[in-house]
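**Q** As a plain string of letters, each chain reads:
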Amino acid sequence: AQSVAQPEDQVNVAEGNPLTVKCTYSVSGNPYLFWYVQYPNRGLQFLLKYITGDNLVKGSYGFEAEFNKSQTSFHLKKPSALVSDSALYFCAVRVDTGGFKTIFGAGTRLFVKA
Amino acid sequence: GAVVSQHPSWVICKSGTSVKIECRSLDFQATTMFWYRQFPKQSLMLMATSNEGSKATYEQGVEKDKFLINHASLTLSTLTVTSAHPEDSSFYICSARDLAGVNEQYFGPGTRLTVT
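Chains as they are written, first to last, in the working numbering: chain C, 95 to 208; chain W, -5 to 110.
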């Protein structure tokens, strides 16, 4: 079965420090991987995606993610966190098996402390 | 970029009444739209997939008679919560697939439903 795991419910980091939000996946076939961010009472905003090509993907607001096929991971990273990065982050995998379905991880809440 | 709107952004209704939520793709045609439900501090759960002009496909455990979905045009899908109960209170998010463009999925801002 297709699945996405975000092992951390919450990540705390000090402003200016690097941050990592972890994601692992399990799919059959080649994965389409995504990161989204959600602010309170808002919908999801697209951050970045991996479809094919370079394993290091750069996205919005200085975020990047590295696709690691052997570890089936797609961790989200940022070199220097901002307080405004505090939000809920979702990793997602898209499967295209006769239908088009996006499966979301449980979400990781990021707190960046000033 | 592509924009998906939802209306209303929040709604309060009494138990037993029905409420309709609209989802519109503003600058692209969406042959497929998705409805998600999100409980506090939880992930998005796909409720149903709707294709323009055909019946929606509901995920297991979602009552199709309670959550009526209509996708009458390439830019509009509606979700009607019928005979709402307090346990239907949730954040509902729609998403639209841009088939003509880069085949991406765009999300609406969500609708907060509170049933009293």
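Don't read these hints as lab results, they were simulated from the structure.
Do not rely on the hints blindly, as some may be mistaken.
With a straight-line cut-off of 30 Å between C-alpha atoms, the simulated BS3-like cross-links for lysine-lysine are [unchecked claim]:
(1) W:Lys14 with W:Lys49
(2) C:Lys195 with W:Lys58
(3) W:Lys60 with C:Lys195
(4) C:Lys195 with W:Lys35
**Q** Determine for every hint whether it applies to the structure shown.
**A** Hints and how they fare:
Distance restraint check for Lys14 of chain W and Lys49 of chain W: the Cα-Cα separation of roughly 17 Å lies within the 30 Å cut-off, and the hinted pair is therefore satisfied. Distance check on the hinted pair: Lys195 of chain C and Lys58 of chain W sit about 18 Å apart at the alpha-carbon level, within 30 Å; holds. For the hint linking Lys60 of chain W to Lys195 of chain C, the alpha-carbon distance of about 22 Å falls within 30 Å, and the restraint holds. At roughly 22 Å between alpha-carbon atoms, Lys195 of chain C and Lys35 of chain W fall within 30 Å of each other, so this suggested pair holds.
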